[in-house]
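Let's have the full structure, built from the sequences with the hints guiding it.
Using the numbering used here, the letters of the sequence shown map in sequence onto residues 1241 to 1434.
Everything labelled a hint here was simulated from the structure, so no lab data went into it. Accuracy of the hints is not assured; some may be wrong.
To be verified - Each computed DSSO-like pair below joins lysine-lysine, with the alpha-carbon atoms no more than 30 angstroms apart:
no. : residue 1 : residue 2
1   : LYS1247   : LYS1267
2   : LYS1291   : LYS1255
3   : LYS1272   : LYS1291
4   : LYS1272   : LYS1302
5   : LYS1272   : LYS1344
6   : LYS1247   : LYS1291
7   : LYS1282   : LYS1389
8   : LYS1267   : LYS1344
9   : LYS1248   : LYS1298
10  : LYS1267   : LYS1282
11  : LYS1267   : LYS1255
12  : LYS1267   : LYS1343
13  : LYS1267   : LYS1248
14  : LYS1344   : LYS1255
15  : LYS1247   : LYS1272
16  : LYS1282   : LYS1258
17  : LYS1282   : LYS1344
18  : LYS1272   : LYS1258
19  : LYS1247   : LYS1343
20  : LYS1298   : LYS1340
21  : LYS1344   : LYS1389
22  : LYS1272   : LYS1298
23  : LYS1272   : LYS1255
24  : LYS1248   : LYS1302
25  : LYS1389   : LYS1248
26  : LYS1258   : LYS1298
27  : LYS1267   : LYS1291
28  : LYS1291   : LYS1340
29  : LYS1340   : LYS1396
30  : LYS1343   : LYS1298
31  : LYS1396   : LYS1343
32  : LYS1248   : LYS1282
33  : LYS1302   : LYS1291
34  : LYS1247   : LYS1396
35  : LYS1255   : LYS1302
36  : LYS1298   : LYS1255
37  : LYS1291   : LYS1344
Claimed, not checked - Using C-beta positions, here's what the derived DEER-type ranges look like:
no. : residue 1 : residue 2 : range
38  : ARG1318   : GLN1433   : 34 to 44 angstroms
39  : GLU1295   : LEU1330   : 18 to 28 angstroms
40  : ASP1314   : TYR1261   : 16 to 26 angstroms
Keep in mind that this is a model prediction, so the values were computed, not measured. Every residue gets a Cβ at the ideal spot worked out from N, C-alpha and C, and that includes glycine.
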Amino acid sequence: MIMCTYKKICITNRKLVKEPYFERIEKLAASKEIDMIILREKDLPETEYEKLAGEVLKICRKYDQLCMLHSFTDVARRLDHPYIHLPMQLFLHMTQEERKYFKKIGVSTHSLEEALTVQEMGASYITASHIFATACKAGLEPKGLEFLKEITRAMKIDVYALGGIHPDNMEQCIEAGADGVCMMSEYMNGDLQL
1241 MIMCTYKKIC ITNRKLVKEP YFERIEKLAA SKEIDMIILR EKDLPETEYE
1291 KLAGEVLKIC RKYDQLCMLH SFTDVARRLD HPYIHLPMQL FLHMTQEERK
1341 YFKKIGVSTH SLEEALTVQE MGASYITASH IFATACKAGL EPKGLEFLKE
1391 ITRAMKIDVY ALGGIHPDNM EQCIEAGADG VCMMSEYMNG DLQL
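Written out as structure tokens, the structure is:
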């Protein structure tokens, strides 16, 4: 049994929530089990995302919970929130000046080459995916634990495993060198006890 010194990260998806969304966010933010929330909600247009983010950030601040906004760098600036998680392509298209605003930038990666590139360009941490089979990537072969080991050995910044992770396999990711694990379904649908 590994001592729980690794990070547990919730990636949001309001379509999976069985209770009122903000109630679920409040439970997650208040939980001592979660180290970070990534507010993904990638189907929302920017204006709706900004409105949702404003409410989620109020909840997260109440509990001193780190929340990474996702994709919308302009929303993060308007909300005066210098914490962002980006898909690889959005990160690559940011200027050095744009990057300077953010205190923490996470980047989604899917190969060792991508991971090394974003590390060199100043990413704070990466997610490496997808490790196990997941409904989010139905039909796509998972990358597996050897892929995760290869990335964690090469990186100087934190690596968070993503994809098909649940309580029964999260420790395998940590044993493979990950600094933490990301889960969506387990945290959002309320099946996992906090």
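Do the hints match the structure? See the list:
1. For the hint pairing LYS1247 with LYS1267, the CA-to-CA distance comes to about 17 angstroms; that is within 30 angstroms, so the pair holds.
2. For the hint pairing LYS1291 with LYS1255, the CA-to-CA distance comes to about 17 angstroms; that is within 30 angstroms, so the pair holds.
3. Note on LYS1272 and LYS1291: the hinted pairing holds, with a Cα-Cα distance of about 26 angstroms set against a maximum of 30 angstroms.
4. For a cut-off of 30 angstroms, the pair hint linking LYS1272 to LYS1302 stands: about 14 angstroms separates their Cα positions.
5. Under the criterion of a C-alpha separation no larger than 30 angstroms, the hint pairing LYS1272 with LYS1344 is consistent with the structure, at around 21 angstroms.
6. A hinted pair counts as satisfied when its Cα atoms are at most 30 angstroms apart, and LYS1247 with LYS1291 qualifies at roughly 28 angstroms.
7. For the hint pairing LYS1282 with LYS1389, the CA-to-CA distance comes to about 28 angstroms; that is within 30 angstroms, so the pair holds.
8. Annotation: proposed proximity of LYS1267 to LYS1344 holds, straight-line Cα distance about 24 angstroms (limit 30 angstroms).
9. Only pairs whose Cα atoms come within 30 angstroms are accepted, and LYS1248 paired with LYS1298 is accepted, the gap being roughly 21 angstroms.
10. Restraint check: the Cα-Cα separation between LYS1267 and LYS1282 comes to about 22 angstroms, which is no more than 30 angstroms; the hinted pair holds.
11. With a C-alpha separation of about 17 angstroms, the suggested pair LYS1267 and LYS1255 falls inside the 30 angstroms cut-off, and the hint holds.
12. A distance of roughly 26 angstroms separates the Cα atoms of LYS1267 and LYS1343; the hinted pair therefore holds under the 30 angstroms criterion.
13. A distance of roughly 15 angstroms separates the Cα atoms of LYS1267 and LYS1248; the hinted pair therefore holds under the 30 angstroms criterion.
14. Distance hint between LYS1344 and LYS1255 is fulfilled; the C-alpha atoms sit about 27 angstroms from each other, no more than 30 angstroms.
15. Restraint check for LYS1247 and LYS1272: satisfied, since their Cα atoms lie roughly 11 angstroms apart, inside the 30 angstroms limit.
16. At most 30 angstroms may separate the alpha-carbon atoms for a hinted pair to count; LYS1282 and LYS1258 meet this at roughly 19 angstroms.
17. With a CA separation close to 20 angstroms, the supplied pair LYS1282 and LYS1344 stays within the 30 angstroms bound.
18. The suggested pairing of LYS1272 with LYS1258 holds, with an alpha-carbon distance near 21 angstroms, which does not exceed 30 angstroms.
19. Taken as a hint, the LYS1247 and LYS1343 pair is honoured in the structure, with Cα atoms around 18 angstroms apart against an allowance of 30 angstroms.
20. For the suggested pair LYS1298 and LYS1340, the alpha carbons sit about 24 angstroms apart, so the restraint of at most 30 angstroms is met.
21. Between LYS1344 and LYS1389 the alpha-carbon distance is near 24 angstroms, which keeps this suggested pair within the 30 angstroms criterion.
22. Straight-line distance between C-alpha atoms of LYS1272 and LYS1298 comes to about 18 angstroms, which keeps the hinted pair within the 30 angstroms bound.
23. Between LYS1272 and LYS1255, the direct Cα distance comes to roughly 24 angstroms. Compliance with the 30 angstroms bound is thereby established for this hinted pair.
24. Taking the CA atoms of LYS1248 and LYS1302, the gap is about 19 angstroms. The hint holds against a cut of 30 angstroms.
25. Distance restraint check for LYS1389 and LYS1248: the Cα-Cα separation of roughly 18 angstroms lies within the 30 angstroms cut-off, and the hinted pair is therefore satisfied.
26. Pair hint LYS1258 plus LYS1298 holds up; C-alpha atoms about 21 angstroms apart against a cutoff of 30 angstroms.
27. Pair hint LYS1267 plus LYS1291 holds up; C-alpha atoms about 20 angstroms apart against a cutoff of 30 angstroms.
28. In summary, the hint linking LYS1291 to LYS1340 is supported, as the alpha carbons are separated by about 25 angstroms, within the 30 angstroms threshold.
29. For the given pair, LYS1340 sits about 20 angstroms from LYS1396 by alpha-carbon distance, which is consistent with the 30 angstroms threshold.
30. Only pairs whose Cα atoms come within 30 angstroms are accepted, and LYS1343 paired with LYS1298 is accepted, the gap being roughly 19 angstroms.
31. For the proposed pair LYS1396 and LYS1343, the alpha carbon gap of about 17 angstroms is at most 30 angstroms, so the pair holds.
32. Simply put, LYS1248 and LYS1282 have alpha-carbon atoms about 21 angstroms apart, close enough for the 30 angstroms limit, and the pair holds.
33. For the hint pairing LYS1302 with LYS1291, the CA-to-CA distance comes to about 17 angstroms; that is within 30 angstroms, so the pair holds.
34. Distance hint between LYS1247 and LYS1396 is fulfilled; the C-alpha atoms sit about 16 angstroms from each other, no more than 30 angstroms.
35. The straight-line distance between the Cα atoms of LYS1255 and LYS1302 is roughly 24 angstroms, inside the 30 angstroms bound, and the hint therefore holds.
36. Taking the CA atoms of LYS1298 and LYS1255, the gap is about 21 angstroms. The hint holds against a cut of 30 angstroms.
37. Restraint check: the Cα-Cα separation between LYS1291 and LYS1344 comes to about 22 angstroms, which is no more than 30 angstroms; the hinted pair holds.
38. At about 36 angstroms, the CB distance of ARG1318 to GLN1433 agrees with the hint of 34 to 44 angstroms.
39. Our hint of 18 to 28 angstroms for GLU1295 and LEU1330 holds, since their Cβ atoms are close to 23 angstroms apart.
40. About 23 angstroms separates the C-beta atoms of ASP1314 and TYR1261, a value consistent with the hinted range of 16 to 26 angstroms.
Consistency note: the structure conflicts with none of the earlier hints.
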